[in-house]
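K.L.:
Position chain G against the provided structure of chain F, taking the given hints into account.
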Amino acid sequence: MDPAPAGKQLRGATGGPEVMEPTLEGKGKEGKKASSRKRTLAEPPVKGLLQPVKLSRAELYKEPTNEELNRLRETEILFHSSLLRLQVEELLKEVRLSEKKKDRIDAFLREVNQRVMRVPSVPETELTDQSWLPAGVRVPLHQLPYAVKGCFRFLPPAQVVVVGSYLLGTCIRPDVNVDVALTMPREILQDKDGLNQRYFRKRALYLAHLAHHLAQDPLFGSVRFSYTNGCHLKPSLLLRPRGKDEHLVTVRLHPCPPPDFFRPCRLLPTKNNVRSAWYRGQSPAGDGSPEPPTPHYNTWVLQDTALESHLQLLSTMLGSAQGLKDGVALLKVWLRQRELDKGQGGLTGFVVSMLVVFLVSTRKIHTTMSGYQVLRSVLQFLATTDLTVNGISLCLSSDPSLPALADFHQAFSVVFLDSSGRLNLCADITASTYHQVQHEARLSMMLLDSKADDGFQLLLMTPKPMIRAFDHVLHLRPLSRLQAACHRLKLWPELQDNGGDYVSAALGPLTTLLEQGLGTRMHLLAHSRPPVPEWDISQDPPKHKDSGTLTLGLLLRPEGLTSILELGPEADQPEAAEFRQFWGSRSELRRFQDGAIREAVVWEAASMSQKRLIPHQVVTHLLALHADIPETCIHYVGGPLDALIQGLKETSSTGEEALAVAVRCYDDLSRLLWGLEGLPLTVSAVQGAHPVLRYTEVFPPTPVRPASSFYEPLRERSSLLPRPDKPCPAYVEPMPVVCHLEGSGQWPQDAEAVRRVRAAFQLRLAELLRQQHGLQCRATATHTDVLKDGFVFRVRVAYHREPQILREVQSPEGLNSLRDTPASLCLERDTRQLPLLTSVLHGLQQQHPAFSGVARLAKRWVRAQLLGEGFTDESLDLVAAALFLHPEPFTPPSSPQVGFLRFLFLVSTFDWKNNPLIVNLNNELTVEEQVEIRSSFLAARAQLPIMVIVTPQDRKNSVWTQDGPSAQILQQLVVLAAEALPVLEKQLMDPRGPGDIRTVFRPPLDIYDVLIFLSPRHIPRHRQAVDSPAASFCRGLRSEPGPSSLMPVLGYDPPQLYLTQLREAFGDLALFFYDQHGGEVIGVLWKPTSFQPQPFKASGTKGRMVMFQGGELVMVPNVEAILEDFAVLGEGLVQTVEARSERWTV
Amino acid sequence: MVARRRKRAARDSENRIPSPSGYTAIPIKFSEKQQASHYLYVRAHSVREGTKSTWPRKRTLFVLNVPPYCTEECLSCLLSSCGPVQSMELQDKPDLAESLKEPRSKFFHPKPVPGFQVAYVVFQKPGGVSAALALKGPLLVSTESHPVKTGIQKWIRDYADSVPDPEALRVEVDTFMEAYDQKIAEEETKAKEEEGVPDEEGWVKVTRRGRRPVLPRTEAASLRVLERERRKRARKELLNFYAWQHRESKMEHLAQLRKKFEEDKQRIELLRAQRKFRPY
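The listed protein sequences correspond, in order, to chains F and G. So in UniProt numbering the end of the first sequence lands on 1146, straight run, no missing numbers. So in UniProt numbering the end of the second sequence lands on 280, straight run, no missing numbers.
By construction, these hints were calculated from the structure, which means they are not laboratory data. Predicted, not measured: the structure shown is a model, and the values here were computed from it. Every residue, glycine too, gets a C-beta built ideally from N, C-alpha and C. Hints are supplied without guarantee of correctness; some may be wrong.
What the hints assert, rightly or not - Covered stretches of chain F, going by a simulated chain G footprint (3 or more residues, C-beta under 8 Å):
hint : segment
1    : 543-554
2    : 677-683
3    : 758-766
4    : 783-790
Stated by the list, open to error - Cross-link-like lysine to aspartate or glutamate pairs, in silico, EDC-like; alpha carbons within 16 Å at most:
hint : chain 1 : residue 1 : chain 2 : residue 2
5    : G       : LYS183    : F       : GLU928
6    : G       : LYS276    : F       : GLU89
7    : F       : LYS1087   : F       : ASP1068
8    : G       : LYS154    : F       : GLU888
9    : G       : LYS265    : F       : GLU90
10   : F       : LYS1097   : G       : GLU32
11   : G       : LYS276    : F       : GLU94
12   : F       : LYS62     : G       : GLU194
13   : F       : LYS788    : F       : GLU733
14   : F       : LYS464    : F       : GLU90
15   : F       : LYS342    : F       : ASP175
16   : G       : LYS93     : F       : ASP1068
17   : G       : LYS33     : F       : GLU1120
18   : G       : LYS276    : F       : ASP911
19   : F       : LYS490    : F       : GLU339
20   : F       : LYS149    : F       : GLU124
21   : F       : LYS1097   : G       : ASP95
22   : G       : LYS205    : G       : GLU194
23   : G       : LYS265    : F       : GLU68
24   : F       : LYS1087   : F       : GLU979
25   : F       : LYS101    : F       : ASP245
26   : G       : LYS260    : F       : GLU76
27   : G       : LYS205    : G       : GLU195
28   : G       : LYS111    : G       : GLU89
29   : F       : LYS102    : F       : ASP175
30   : G       : LYS276    : F       : GLU68
31   : G       : LYS260    : F       : GLU932
32   : F       : LYS726    : F       : GLU1064
33   : G       : LYS260    : F       : GLU888
34   : G       : LYS93     : F       : GLU1064
35   : F       : LYS54     : G       : GLU227
36   : G       : LYS250    : F       : GLU63
37   : G       : LYS149    : G       : GLU227
Same shape as in the complex, but just chain F:
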């Protein structure tokens, strides 16, 4: 283990509080410099710990300067808070291009310009005769069908201009792209070139010739082809400089037609420019049906003609306003974190810039606004405007010859027209992409309005990859299947329009189909956008099927998941036929209890986990039925992690049902306790205090039915005892239930006496339960174990004033005051805070059905990494609860899988040193209170544990992390989570199936110094292991219920007993790690500090020996003897003790 001394840093940093040197205005430059230098000396960045700020009175209350007041006012008006302002400024600094780099790019651009102009021309040939092309270059276009009329010759471009974000200063690092438009001379083009891809063929040939000549130039590090915006008809040429600047910039060359070459009226969305006769090789149908319109094709041509005018528009609108440019840069970062700008049909930076222009022109944004305000306004606009229904236009003229918005809505799913009124800027964006954008914008607006959290971090700095954002994900592979789907869905016109790109053609109809089918089960369906390929100029362009996998993400709606029924219309309605047609053979006529006879689809699902996977059945069925995509091509990733929280021999359920059975049994018991007659005091409350009762126990308990031959009976106390000659019996953990008794003057006021009275109550309780309800009970001084329906509950009587009695201290003057003592805190925690937390989390489970699965998976993982005993159950439950209560920037998880991924993300990225994890249970903490908590946290940092979790019930002390984890254990967990997350995400995103999903659950064992291997015979929970053993021992349980009057063996877990002994004996020499769920090995880590030779001290001899070292008598751990002690203490349980490292040799 890397002993990253987080704790040491902590102690070091809080040793002496330093006074911060203030750097306020009006101090002169000299002073500023000196103070900043001093600060860097005073707190080196490695420390990484915030300290409370201390300013002197004089600094705080001096007269403000004008400048300072202005800045403060500006912050108040233009930004949310000063912190946000500073953060935004820092971020912009990080993504913006520096002046130095701009100069280098400018120089490179000049070189490119010269070289492009010098490319020699070639004589005119037929378009189909491409023999003139040199050998080393291939045409970057799929020429299908090959035959096309027209001639081509190469001439140097008439004009070379830079277009796009580079000139505007809104391009952001990394991946700086500079778009250069090459205007092809008019001589190359002929009339009717807009028809039948002739223009695109010429464009491709133009680039091919250019590429061949530029590739020979030593100036360029790489010359490659790509597609403009992923459009398969429009290749572009990528140039990168040679040498160290290779990753600095990519120059993209886009050929474009001379201005006014194409007649705009020919390129309206209703017009056809790809003739069926040519494309499909058949004459149009004789019935005179019109040619299908080719809106996308037309748009692509139009895009090339409008490059320059768009640039002009953008530069006039954004040119002088820095705030707008900042806003565009922030929006680009926002999009990129959500993976919305990538690939074909993404919301590019260009569209966003135009959106800003639109908002400026409609006066929703003012040019003096700050970047943050622009971001906010655009998000607000996106969140509230559905461009799939109500398109917008930048065009101001009311020319009647212009097409109506409705025409565009017919042809495209998202409509945003440019200033010409003819070009749809969002032509390639699918409806579901836009809905995803809207969804994200809505979430972001909610986050910005909530004011509570660090909005900046969540909004702009947190990546939202698909696998972590969506509950379920499914991969379609291979993509060539979509070709068949296109035919099945009769999408020939779309194919003709898209130039044969069947992926784009099928995407829209497929998502609509699934959206309709999943209906109420789903919030949102998103699809991955095909990545834009890049290829060498000597290769053919990649085929459509090579663009990887189509991945769909489903955001489920938990309330819709509970139903297994898809209710259709009544049988005699006309819609019934439609319903039958949609669902095919799955649709059946059913008679319902209210007498209605309806069409309906019923899915097979018995348990929660199966119901969660109904979307899988829906998707498989619909795709096979309507799109001819067989099940083998669909890889649905929704439940591979479920296997880890499934019980023994259980495959159909993830345990929610079993937990509910236990909770119901507890409810029955609490009713019995309430109604108990004959207790001297009445029961005032019954509360559960066990993970089972808040649905977070990893493996739910099963009713025990002990086989008596397996045990040693102890009849006089009606109990069973384990037998030494048999394997260890099944582990039964009694579930604590706190039973509060009413207050009364009869309670003694002395702590010892209260304990005796409680013991008397425990005895009485056992007696009454046995008499009145025939339950098997066993009373001890502190609790009564009750066996009910095979579950064992540990009822603890509590008196609400007892913690107070334990706290009372009398001062010498006779003044009674209350001071916390370890005993009082412990009692308070067990009888007040734990039951409260249990009931609150029980409530959370009712709100979010996935909570149980997430919390249990998380706990399972932490324990499988052998770190489970460093963390209390409650602390891990609270971290899981935080994922549901504070999901920003995501939505609350609806499946265990995504919840677990976010757990790993949260654990690995949360700054535990500088922040408390606030879990606002029941939304009880107001924003002001949270601010208050944060500042008091900073002030009291040194006294608090390393991991601080704040809840409304526990605002100061972080009760559940008081006794651990230590800084080292937490650090180890953070490291492991950071390693596990990418591995697991990669597995789940692998379209060939996740492979061995248990990989991340297997702990690394090479970090331990000693391994103690245990005998499975005495591990009662052996079968729960991550890699479940093929065979294990009989644990003395009967399969069918039978009468048993004896109390089963409770809480007898040899590995745990062994660990307690080990920790007690060697706790100051070593740390012990073990997975309580069937671990076969205990990892031992020597503590380096205790292996330092120490001088002799009577109180510190434990397990050490005295020896001479350098003439001095020193004490060192007696390692050989200790290793033998390991075996002695665990006799019968320990198989071997393996010392693996030599680190302990002193």
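P.N.:
Using the frame of chain F, we list chain G on its own:
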């Protein structure tokens, strides 16, 4: 003096197991099978002048580093070869006073799991101590005649022991409560007798039981009174009434902003140092 002692220790080490000055090391093993051994460090119990100790001088042996599997019976059995043992106690850490001899209830004070302990062994005769100091060892905790249970065997026995006997518990509770009730009753009668009776200086003790009960003397009660006073005063105060108050509150606001600004700057500094502004 120190040098001489060290020299002597060095000389001893040539033929003996190294041990700190004043102590003798006795190797101890669990059984024959073990190779390596732990060492008991023993010496005659002695205290500095002036400190009190309840352990009898000369007859008490002080033992350090008793392994966890070595129980009291075991240790007295091992040391009985040196002379009859009168009593012995195993403790967590050295403690001069003998622990309270009052038998602790096994129901209400369960025995903790032992680690390495220290022992005070009181022999009947002083000779036992010197004999023990001369022990060579290695001592064996578990022998064929006196086997010591560890591991599974021990845990099963412990489990059986932990199954409670309700009758015994009831008896114990009853006897304790009887004694307690009696004690309380006595105190009450005493308090009643003293009520209203002035002491030798003429003071009369006022209690809660009197005709006019007074506030209990607790911290909570006094805090409550103070809080009530504070609220009363706050209600009467005028805010932003005088010009100077207005000015001061404005200044206070500015100071808050400045403080916040400084805090934010520190936060940013930290984030920048952690490279937290790289979005991807």
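K.L.:
CA of LYS260 (chain G) to CA of GLU888 (chain F), is that 16 Å or under?
P.N.:
It is violated: about 25 Å lies between the C-alpha atoms, which goes past 16 Å.
K.L.:
For the pair supplied as a hint, LYS788 (chain F) and GLU733 (chain F), confirm whether the alpha-carbon distance does not exceed 16 Å.
P.N.:
Between LYS788 (chain F) and GLU733 (chain F) the Cα gap is close to 13 Å, so the pair holds against 16 Å.
K.L.:
Quick one, are LYS101 (chain F) and ASP245 (chain F) close enough, alpha carbons at most 16 Å?
P.N.:
holds, 9 Å
K.L.:
For the pair we were handed, LYS276 (chain G) and GLU89 (chain F), check the Cα-Cα distance against 16 Å.
P.N.:
holds, 13 Å
K.L.:
Does the structure keep LYS260 (chain G) and GLU932 (chain F) at a Cα separation of 16 Å or less?
P.N.:
holds, 13 Å
K.L.:
Is LYS250 (chain G) within 16 Å of GLU63 (chain F), Cα to Cα?
P.N.:
Distance of about 12 Å is within 16 Å: holds.
K.L.:
Hey, LYS1087 (chain F) versus ASP1068 (chain F), does the alpha-carbon distance stay inside 16 Å?
P.N.:
holds, 8 Å
K.L.:
Holds or violated: are the alpha carbons of LYS1097 (chain F) and GLU32 (chain G) at most 16 Å from each other?
P.N.:
violated, 30 Å
K.L.:
Mind checking the alpha carbons of LYS93 (chain G) and ASP1068 (chain F) for me, to see if they're no more than 16 Å apart?
P.N.:
Holds, at about 14 Å.
K.L.:
Next pair to validate is LYS93 (chain G) with GLU1064 (chain F); report whether the Cα-Cα distance is within 16 Å.
P.N.:
The given pair, whose Cα atoms are some 13 Å apart, holds under the 16 Å limit.
K.L.:
Can the restraint linking LYS149 (chain G) and GLU227 (chain G) be considered satisfied, given a maximum Cα separation of 16 Å?
P.N.:
violated, 62 Å
K.L.:
Is LYS265 (chain G) within 16 Å of GLU90 (chain F), Cα to Cα?
P.N.:
Given pair LYS265 (chain G), GLU90 (chain F) holds - Cα atoms ~11 Å apart, limit 16 Å.
Hints 1, 2, 4, 5, 8, 10, 12, 14, 19, 24, 30, 32, 33, 35 and 37, counting from the list given before, are not met by this structure.
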